[in-house]
Amino acid sequence: MSERKFIPADIRILLFSVLIGVTVTAGGLAGMAALMVSREISGSAAVPLATAATGTGSFFSGWFAAFCKREHGLIWGALQGLVLAALLFILALPAGVILENVILLRFAVMILCGSIGGFCGVSLRGRKYLS
Numbered sequence: 051m052s053e054r055k056f057i058p059a060d061i062r063i064l065l066f067s068v069l070i071g072v073t074v075t076a077g078g079l080a081g082m083a084a085l086m087v088s089r090e091i092s093g094s095a096a097v098p099l100a101t102a103a104t105g106t107g108s109f110f111s112g113w114f115a116a117f118c119k120r121e122h123g124l125i126w127g128a129l130q131g132l133v134l135a136a137l138l139f140i141l142a143l144p145a146g147v148i149l150e151n152v153i154l155l156r157f158a159v160m161i162l163c164g165s166i167g168g169f170c171g172v173s174l175r176g177r178k179y180l181s
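The sequence shown begins at 51 in the numbering used here and counts up by one.
Simulated from the structure, these hints should not be mistaken for laboratory data. Among the hints, a few may not be true.
The calculated label-pair distances, taken between Cβ atoms and stated as ranges, are [as the list claims (entries may be wrong)]:
(1) Ala-142 - Gly-81: 37 to 47 angstroms
(2) Leu-132 - Val-152: 13 to 23 angstroms
(3) Leu-85 - Ile-57: 36 to 46 angstroms
(4) Glu-90 - Ile-61: 37 to 47 angstroms
Every residue gets a Cβ at the ideal spot worked out from N, C-alpha and C, and that includes glycine.
Taking the hints into account, I'd like the entire structure generated from these sequences.
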């Protein structure tokens with residue numbers, strides 16, 4: 051009889067929320083690029099817009115992970131932000147811009163937004179109000 055090896059639930063939540071974070075970040079970056087082209091915004095605005103997009107993706111990633119786990123929102127959110135920051139670090143390696151202040155600030159924003167998203171995912175659950 052063959053044994054099935056299942057991925058533990060925590061790992062599945064981690065991977066799926068990272069996928070959500072990457073998708074939201076990619077969508078945000080595409081939206082920011084379209085905004086820059088349509089409004090003819092200069093290239094100097096790309097850095098803050100990219101930071102905002104990565105922060106948004108990290109927020110939604112942390113929110114989803116904490117919403118699924120229903121506990122330890124700050125920890126799960128910070129973990130999601132850290133994983134997304136590690137992915138950004140790996141993607142920045144070939145460019146050689148690892149220790150620039152902008153990249154370090156983006157890492158901090160990702161971890162902070164992931165923590166805030168994790169907090170919101172736990173504390174802003176559907177509440178039943180008595181009427």
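Identify every previously stated hint that the structure contradicts and give their numbers, smallest first. Going through the list in order, the structure violates hint 1 alone and respects the others.
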